[in-house]
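Protein chains in written order, with this note's numbering: chain A, 3 to 389; chain B, 70 to 567.
Simulated from the structure, these hints should not be mistaken for laboratory data.
All values reported here derive from a predicted model rather than from experimental measurement.
Please note that the accuracy of each hint is not assured.
[To be verified] Chain A regions said to be covered by chain B (calculated; three or more residues, Cβ under 8 angstroms):
1) 245 to 256
2) 259 to 268
[Stated by the list, open to error] Non-contacting residues of chain B with respect to chain A, defined by C-beta distances greater than 12 angstroms in every case (computed):
3) 301
4) 313
5) 449
6) 496
7) 557
We treat Cβ as the ideally placed atom computed from N, Cα and C, and that holds for glycine.
Listed here are the chains, written in short residue letters.
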Amino acid sequence: MTTPTPYSLLPTPTPRASPRRFAFPYRLELEPRMTTPRWLPWATSLGSVVFALVVGGLVLAYVGGDPIDAYAHIFNAAFGNPGVLSDTLVKASPLILTGLACLIAFRARLWNIGAEGQFFIGAFGATFVVQQMFDKDASPWLVIPTMALMGFACGALWGAIPGFLRGRFGVNEIITTLMMNYIAFFWNDFFIYGRWSDRGFQLTPTFPKNAWMPRLSDFADQFPAFSGITIHAGLFLGLAATVAIAYLLFRTRWGYEIRLIGDNARAAEYAGINIVRNTVFVLALSGGLAGLAGMAEVSGVVHRLQERISPGYGFTAIIVAWLAKLNPWAVIPVAIVFGGLIIGSREIQPSGLSRMLQGIVLFAIIGSEILNRYRVRLVRAQLSQSL
Amino acid sequence: MRGIVKRFPGVYANDHVDFDLRRGEIHALLGENGAGKSTLMNILAGLYRADGGSIVIAGQPCAFRSPQDAIAAGIGMVYQHFMLIPSQSVTENVILGLREPRWSLNLSQADQKVVALGKQFSLKVDPRAKIWQLSVGEQQRVEILKMLYRGVQILIMDEPTAVLTPIEVRDLFAILRAMAAENRSIVFISHKLDEVLAIADRITVMRGGKVTAAGLDPRSVNKSELARLMVGRDIEFQLERLPYRPSPVVLDVQSLEAASDKQLPALRGINLQVHSGEIVGIAGVAGNGQTELAEVITGLRPKTAGQVLINGQALKDHDVLQAINTGVGHVPEDRSRVGTAPTLGIADNLIMKSYRRPPIASGWRLNRREARAQASQLKDDYAIAAPSLDTEARLLSGGNLQRLILARETSAKPSLLVAVHPTRGLDVGATEAVLRLLIRQRDAGAALLLISEDLDEIMSVSDRVAVMYEGRISAVMETRQANTETIGLLMGGSTLSS
Numbered sequence: 003m004t005t006p007t008p009y010s011l012l013p014t015p016t017p018r019a020s021p022r023r024f025a026f027p028y029r030l031e032l033e034p035r036m037t038t039p040r041w042l043p044w045a046t047s048l049g050s051v052v053f054a055l056v057v058g059g060l061v062l063a064y065v066g067g068d069p070i071d072a073y074a075h076i077f078n079a080a081f082g083n084p085g086v087l088s089d090t091l092v093k094a095s096p097l098i099l100t101g102l103a104c105l106i107a108f109r110a111r112l113w114n115i116g117a118e119g120q121f122f123i124g125a126f127g128a129t130f131v132v133q134q135m136f137d138k139d140a141s142p143w144l145v146i147p148t149m150a151l152m153g154f155a156c157g158a159l160w161g162a163i164p165g166f167l168r169g170r171f172g173v174n175e176i177i178t179t180l181m182m183n184y185i186a187f188f189w190n191d192f193f194i195y196g197r198w199s200d201r202g203f204q205l206t207p208t209f210p211k212n213a214w215m216p217r218l219s220d221f222a223d224q225f226p227a228f229s230g231i232t233i234h235a236g237l238f239l240g241l242a243a244t245v246a247i248a249y250l251l252f253r254t255r256w257g258y259e260i261r262l263i264g265d266n267a268r269a270a271e272y273a274g275i276n277i278v279r280n281t282v283f284v285l286a287l288s289g290g291l292a293g294l295a296g297m298a299e300v301s302g303v304v305h306r307l308q309e310r311i312s313p314g315y316g317f318t319a320i321i322v323a324w325l326a327k328l329n330p331w332a333v334i335p336v337a338i339v340f341g342g343l344i345i346g347s348r349e350i351q352p353s354g355l356s357r358m359l360q361g362i363v364l365f366a367i368i369g370s371e372i373l374n375r376y377r378v379r380l381v382r383a384q385l386s387q388s389l
Numbered sequence: 070m071r072g073i074v075k076r077f078p079g080v081y082a083n084d085h086v087d088f089d090l091r092r093g094e095i096h097a098l099l100g101e102n103g104a105g106k107s108t109l110m111n112i113l114a115g116l117y118r119a120d121g122g123s124i125v126i127a128g129q130p131c132a133f134r135s136p137q138d139a140i141a142a143g144i145g146m147v148y149q150h151f152m153l154i155p156s157q158s159v160t161e162n163v164i165l166g167l168r169e170p171r172w173s174l175n176l177s178q179a180d181q182k183v184v185a186l187g188k189q190f191s192l193k194v195d196p197r198a199k200i201w202q203l204s205v206g207e208q209q210r211v212e213i214l215k216m217l218y219r220g221v222q223i224l225i226m227d228e229p230t231a232v233l234t235p236i237e238v239r240d241l242f243a244i245l246r247a248m249a250a251e252n253r254s255i256v257f258i259s260h261k262l263d264e265v266l267a268i269a270d271r272i273t274v275m276r277g278g279k280v281t282a283a284g285l286d287p288r289s290v291n292k293s294e295l296a297r298l299m300v301g302r303d304i305e306f307q308l309e310r311l312p313y314r315p316s317p318v319v320l321d322v323q324s325l326e327a328a329s330d331k332q333l334p335a336l337r338g339i340n341l342q343v344h345s346g347e348i349v350g351i352a353g354v355a356g357n358g359q360t361e362l363a364e365v366i367t368g369l370r371p372k373t374a375g376q377v378l379i380n381g382q383a384l385k386d387h388d389v390l391q392a393i394n395t396g397v398g399h400v401p402e403d404r405s406r407v408g409t410a411p412t413l414g415i416a417d418n419l420i421m422k423s424y425r426r427p428p429i430a431s432g433w434r435l436n437r438r439e440a441r442a443q444a445s446q447l448k449d450d451y452a453i454a455a456p457s458l459d460t461e462a463r464l465l466s467g468g469n470l471q472r473l474i475l476a477r478e479t480s481a482k483p484s485l486l487v488a489v490h491p492t493r494g495l496d497v498g499a500t501e502a503v504l505r506l507l508i509r510q511r512d513a514g515a516a517l518l519l520i521s522e523d524l525d526e527i528m529s530v531s532d533r534v535a536v537m538y539e540g541r542i543s544a545v546m547e548t549r550q551a552n553t554e555t556i557g558l559l560m561g562g563s564t565l566s567s
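Based on the provided sequences and hints, a complete structural model is requested.
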């Protein structure tokens, strides 16, 4: 501690003031946000959609199309008049229910990728009621609720199995729910190719009228405006489910438990919450909602069980739930947008556009999550330490 | 270091800080959590970049872009959490990340160099031992060796004693002195006053990102002056409490055995009683079964033998709810990963234990208005500083988070409160507040089991102290009759012979 002798032992403390490498003159700085403004999650969701539209537009332009024209066409085909708007809402109905299915599971941090299979098995359950339990003279007031109950129960079972495996044995539910999709598809195939086949075709006979959920067009006699409007009771089922799920999440003890488990499972355990039981019940509820969507689709739209009853509702539902930021109320508008996308993009070539846009939206929505948590700033890079 | 400025969102972590370090000295950097001392040293060690100011080392201005740059300039930092690979040997860890040798690895040559370095600074470590076989104190020595191997002239130690037993602390001090004698410089970051007075050649105190006193001579200051410089107000070291009058047994642990997460025996026959109106402190080096003991008593961990009685009622396995309903409060070791839900609001976090009971519960529904009213009351009573009831728990400071947990756990008037490391990582002011709350519970007739790494804290707060070593309780005594030296020996595995 006497005279400050230079540290000659040191391996040359070179002052690194000017690196020879090229340095980008700006750098990004991320600041954690102390609070997230209420509008921000909505803005990033909207931004993700815009981003997807821009990228999709570039692709359209590349293949020689006019993106503006194409999008205008899609919009018109989906929302342009009451008729197509009704078609869009018909597509949105299963998306609301499956979107809620994914939402409730994701809220508990259970990754249910099997809404598609649960949808199919729900459709199976509903068909079972028609094929095996009632004849065509039974009252629709009896048949349709039984179908709904059975659709829900079958989907719930399909969700509860991975739930039990996850809760009891720690089996990854992403794998099991995904795999059980295929079991559901082939299970249905078994019945429509064989036992329930209509004259050897791969579909069941058309359901008798007592198994058809009412459509608005059924009331065209009283309300002429409803003629040709194919919206069916499934949409109202979806809206009711939205209210129920929102109430469940924020106004009930079970909903609180679900939110707590999703936020921190160890804290939930510490609070005395039974994780195993909740895992089973949440996935059962999730599967049940997807099953209900399947029931609504066969009873309200297709009126028979066949192979192609879904353009991937259960998978699109994953994107719907995320884009809604796991907020039940937001599921409704998001599902309508995606329903419109399905309807609209049937009208243009290449036909894969809708799928591509969905993929980009999911990509962007996950990427944009960082914007909700951090403030991003572009700052001029400087050698601040040797001023 | 001159005029160092570092901004974090909303705060100046370092606000024009000057710091100088001489050759061959041990310079203590004292301050509360959040005072900016670690930030300052992280800038010196190249982990952060300052927003302003300059660093001059031996006349040379430096600008570090990474820890590698800092090490090349002879500056190394040993962090509180070790960065070692458990399955590799000491030598392998020491040479990890070095550019030399490029291709061939001559381990025995490296072993010799490690041993030689160890001799030079009286750091005894077997170079071939695997890290997982070493005690925490030994692992810390490996971290120091890592830095010495890299030719570090300035060694920064971030709260090095937090994880050590009193005896290990003594060894560490000897090593640090040996290094200083070899003309290396040491920065010793701490918030413990006694330690700083014992080891430092000079002391710099920081508060709120500024230096409040620079280069003090430890012989010319006393503890309360330092505390005032650090906290900005007077601190009482002796907390008021009612006289010790133990009443009926609340917690009765009988030949309890339990396994650790790795399915190894963690508790090997624990017998312990805690009475109403007393605080029993469990002293011991981390990893001797304290965590497991707390988890069994709170219902989080199943037992393999024996039993736990709370107010005479036997605790079932896998039933946290039963423990909660029997009146066991739990201040868990890990505040953020066990004690709270990070992205839920304060209100949701405060009702974690009470949401099942009316008035918050009404049937299967949740009465939100009542929940918020209660939460708001607790927020005020326990002075939880947060903008609103919806503020996410992850945004709270350590002290505030602990107040939230204590508010939740003590407001239900528990008959037994298990507090595990309740003041870990908290600054002096927050520590005082937490300990006051614990004593208030004791005075109100609760039984308290206090598990802590801080022996001084146990000695100052507990009525009785029990020492845990390798899953057993090696001694229980009244704190008045215990002395720190004996307990330190017991923590290291000695037995009481007298």
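Outcome of the hint check:
{"no.": "1", "hint": "245 to 256", "in the structure": "holds (count 5)"}
{"no.": "2", "hint": "259 to 268", "in the structure": "holds (count 5)"}
{"no.": "3", "hint": "301", "in the structure": "holds, 24 angstroms"}
{"no.": "4", "hint": "313", "in the structure": "holds, 31 angstroms"}
{"no.": "5", "hint": "449", "in the structure": "holds, 21 angstroms"}
{"no.": "6", "hint": "496", "in the structure": "holds, 20 angstroms"}
{"no.": "7", "hint": "557", "in the structure": "holds, 32 angstroms"}
Going through the hint list in order, the structure satisfies each hint without exception.
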